[in-house]
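For the sequence shown, the positions run 1 to 587 when our numbering is used.
These aren't lab readings, by the way, just hints derived from the structure by calculation. Just so you know, not all the hints are guaranteed correct.
[Stated by the list, open to error] Quick list of simulated restraints, FRET-style, between CB atoms:
id	residue 1	residue 2	range
1	417	552	27 to 37 Å
2	359	417	33 to 43 Å
3	371	276	51 to 61 Å
4	414	557	17 to 27 Å
5	412	288	48 to 58 Å
6	486	412	39 to 49 Å
7	422	532	53 to 63 Å
8	486	527	29 to 39 Å
9	359	335	34 to 44 Å
10	407	326	42 to 52 Å
11	288	557	54 to 64 Å
A quick note: this is a predicted structure, and the numbers were derived from the prediction, not measured. A virtual CB, placed ideally from N, CA and C, is assigned to each residue, including glycine.
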Amino acid sequence: MTCVFWPEDFTQPGTIVGWRAGSVVIVAGTIYASDDIFRASLEILNKKSIDESPVGEHLDLEILGECLKGASYVELPSVVKWSNHLGLNTQNERPTIMYYHRPKARTGRYYTLTEIDLDILMAIQGSEERSTRKLQNNKTQIAQKFSCKKPIKDGGINSLVLKKMNVAHKYMASLGGLLEGSTNGSRKSGISAFFVPVLLSVHVSAFHWAYLARDKLLSLFELIPWIQSTFAFAQQVDLRCEQIVFILQQIRHIIYVEERSENIASARYISTQNCIWLILNDIIIGSAVGMFILENRIYLSILLRDLSTHYMIGVFRQAIFWLDNWPAGLKLNSELSRFLYLILHAVLNLWEDVLLRFIEMFPKAIVIVGVSGIFGLSMILALLSDLTSLMSVHITLAYRLIRIGYRSQLLLAKSLFNLFRGKRYNVLRKRLDDWDYDLDQLILGTMLFTLISFLFPTISVYYILFAMARAALLLLRASFEVASALLNHFPLFALMLRVKDPWRLPGGIILRPYRRNRDSPSTFLVQSVPIKISKILNQYAVLGSQLASYYAPWRLLGKFVSGNQLDPIPQSLIRYTYGTQSIKEGQ
1 MTCVFWPEDF TQPGTIVGWR AGSVVIVAGT IYASDDIFRA SLEILNKKSI
51 DESPVGEHLD LEILGECLKG ASYVELPSVV KWSNHLGLNT QNERPTIMYY
101 HRPKARTGRY YTLTEIDLDI LMAIQGSEER STRKLQNNKT QIAQKFSCKK
151 PIKDGGINSL VLKKMNVAHK YMASLGGLLE GSTNGSRKSG ISAFFVPVLL
201 SVHVSAFHWA YLARDKLLSL FELIPWIQST FAFAQQVDLR CEQIVFILQQ
251 IRHIIYVEER SENIASARYI STQNCIWLIL NDIIIGSAVG MFILENRIYL
301 SILLRDLSTH YMIGVFRQAI FWLDNWPAGL KLNSELSRFL YLILHAVLNL
351 WEDVLLRFIE MFPKAIVIVG VSGIFGLSMI LALLSDLTSL MSVHITLAYR
401 LIRIGYRSQL LLAKSLFNLF RGKRYNVLRK RLDDWDYDLD QLILGTMLFT
451 LISFLFPTIS VYYILFAMAR AALLLLRASF EVASALLNHF PLFALMLRVK
501 DPWRLPGGII LRPYRRNRDS PSTFLVQSVP IKISKILNQY AVLGSQLASY
551 YAPWRLLGKF VSGNQLDPIP QSLIRYTYGT QSIKEGQ
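Assemble the whole structure, with the sequences as input and the hints as a guide.
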């Protein structure tokens with residue numbers, strides 16, 4: 001059975017033109033013109049189509065029949081006279097009519113059988129894999145192209161049919177321009193010939209300077225590698241440079257490169273627009289927050305001074321003093337408690353002396369944070385994260401000192417427990433083996449275990465204090481990281497398109513049955529289905545899952561009890577890379 005795809009967005013009479021692939025007929029539109037000029041224009045358009053079409057996917061635009069008068073699509077069968085070579089004018093041949101809407105060029109709308117992948121790197125990789133599979137069948141495709149007048153395609157909807165549906169409006173506009181033969185095209189081409197080189201040179205210069213600035217920044221990070229891994233400000237600067245380079249790369253593709261894959265072209269456009277939107281919104285919100293900080297810099301500097309002196313030093317000084325005096329009636333080892341108290345008290349006093357030297361610089365630090373708002377709210381959050389880390393250096397140092405003692409006692413207690421069970425850890429095979437210990441070894445182990453039993457509660461209470469403080473600082477830093485991740489990577493533009501124009505985020509097609517009466521043939525309406533919101537948020541949900549799994553309460557509790565180091569999440573786990581280098585190499 002023949003399947004006819006008819007555009008639903010026009011009902012004009014005239015000569016019907018379109019494509020034929022086996023038992024499938026794709027109508028592009030109707031047009032009025034004399035026979036000679038019309039056929040010459042078709043020949044020119046088909047030659048251009050051969051150069052642009054992949055091997056084995058070219059179909060000639062041809063005359064399919066006549067539309068006798070303008071009518072609604074319900075009256076379509078009675079007003080169309082098909083060409084004889086189609087065999088659709090007989091009473092026995094009742095084709096299936098598929099109505100579709102012709103997407104206009106540069107609107108971002110198109111039909112597709114597969115979901116669009118908004119991750120541009122994954123979209124390019126998937127396209128390259130499909131291209132590799134096509135290259136394996138090149139010999140067969142080339143032989144088919146030169147041995148057959150047209151490649152024979154199976155009936156129904158496939159990728160080739162959808163491609164022709166997507167370019168139907170473009171081809172009809174090109175055909176109309178060829179038939180008009182006006183000077184508008186040459187005038188526009190002359191203007192384009194003047195402006196395009198200028199825009200291209202400006203774009204190349206901007207791309208060169210942006211890429212050069214990022215290379216200089218990366219070379220600085222290579223000389224001092226701990227800067228990028230330690231300071232959130234350096235990480236945010238590197239990310240913003242990467243975003244700018246990514247935007248310039250994608251703009252060149254969008255403007256100057258004709259992408260054959262609609263999915264890749266749409267993914268490039270959406271990713272670029274989303275990145276631009278995020279940067280602009282970040283700068284707008286950051287400027288407003290920065291103005292608020294500058295207007296209240298005196299109050300904020302006083303608040304920062306109180307936080308640094310009272311909560312960061314005074315509270316911990318009172319806490320270790322309380323722990324040194326039998327807290328809540330718990331009798332600790334006095335000598336060990338006094339030793340730990342003196343060490344921690346010395347650390348707090350040392351940091352207080354350092355802090356008093358820089359306390360006059362707090363207003364300047366607040367001004368720097370406020371001025372950084374012109375670069376975005378994410379820059380303010382990065383500076384606040386670094387400022388929090390600098391203000392809590394003494395807590396980090398005290399935590400690491402206490403953790404070493406706590407962890408050592410845990411490992412020693414574990415070894416002594418294996419001794420009492422008659423076990424020994426095999427380092428080579430990484431397992432516990434049975435072992436016979438001597439009497440003097442058992443006596444020494446008993447003495448050491450007794451000593452640890454009396455000392456462990458004392459060091460544990462100090463460890464709990466600073467481990468809880470360390471965990472609180474990590475959660476504060478995690479909140480900054482979550483906010484920065486939303487500002488830098490949230491799919492704002494894609495979600496807006498999903499609400500405003502879902503057709504620009506295609507996730508496949510559906511066929512809606514449509515029939516008016518028994519005499520009319522089977523009719524369907526081809527509709528594009530938008531992708532699910534979960535698909536849009538997929539790659540960003542991965543970033544959220546990384547944060548949630550790393551800062552999971554049970555994971556932190558396990559590291560807390562076992563004495564393992566509590567560190568912030570590595571940026572490599574939560575940073576969504578734009579892959580500017582990979583894309584550049586693939587261009």
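Hint by hint, here is what the structure shows:
1. With their beta carbons about 28 Å apart, residue 417 and residue 552 fall inside the hinted range of 27 to 37 Å.
2. For residue 359 paired with residue 417, a C-beta distance near 49 Å fails the hint of 33 to 43 Å.
3. For the pair residue 371 and residue 276, the beta carbons lie near 23 Å from each other, so the given range of 51 to 61 Å is not met.
4. Judged by the Cβ atoms, the range 17 to 27 Å given for residue 414 and residue 557 holds: they are separated by roughly 19 Å.
5. Checked against the hint of 48 to 58 Å, the C-beta distance between residue 412 and residue 288 comes to roughly 56 Å, which is consistent with it.
6. In this structure the supplied range 39 to 49 Å holds for residue 486 paired with residue 412, their Cβ-Cβ distance being about 45 Å.
7. Between residue 422 and residue 532 the beta carbon distance is about 59 Å. The supplied range of 53 to 63 Å therefore holds.
8. Distance hint check for residue 486 and residue 527: the Cβ-Cβ separation is about 33 Å, which falls inside the suggested range of 29 to 39 Å.
9. Hint check: residue 359 to residue 335, Cβ distance near 36 Å, so the stated range 34 to 44 Å holds.
10. Taken as a hint, the range 42 to 52 Å is violated for the pair residue 407 and residue 326, whose Cβ atoms sit roughly 25 Å apart.
11. Against the hinted window of 54 to 64 Å, the Cβ-Cβ separation of residue 288 and residue 557 comes to about 39 Å, which falls outside the hint.
Checked against the numbered hints above, the structure violates hints 2, 3, 10 and 11; every other hint is satisfied.
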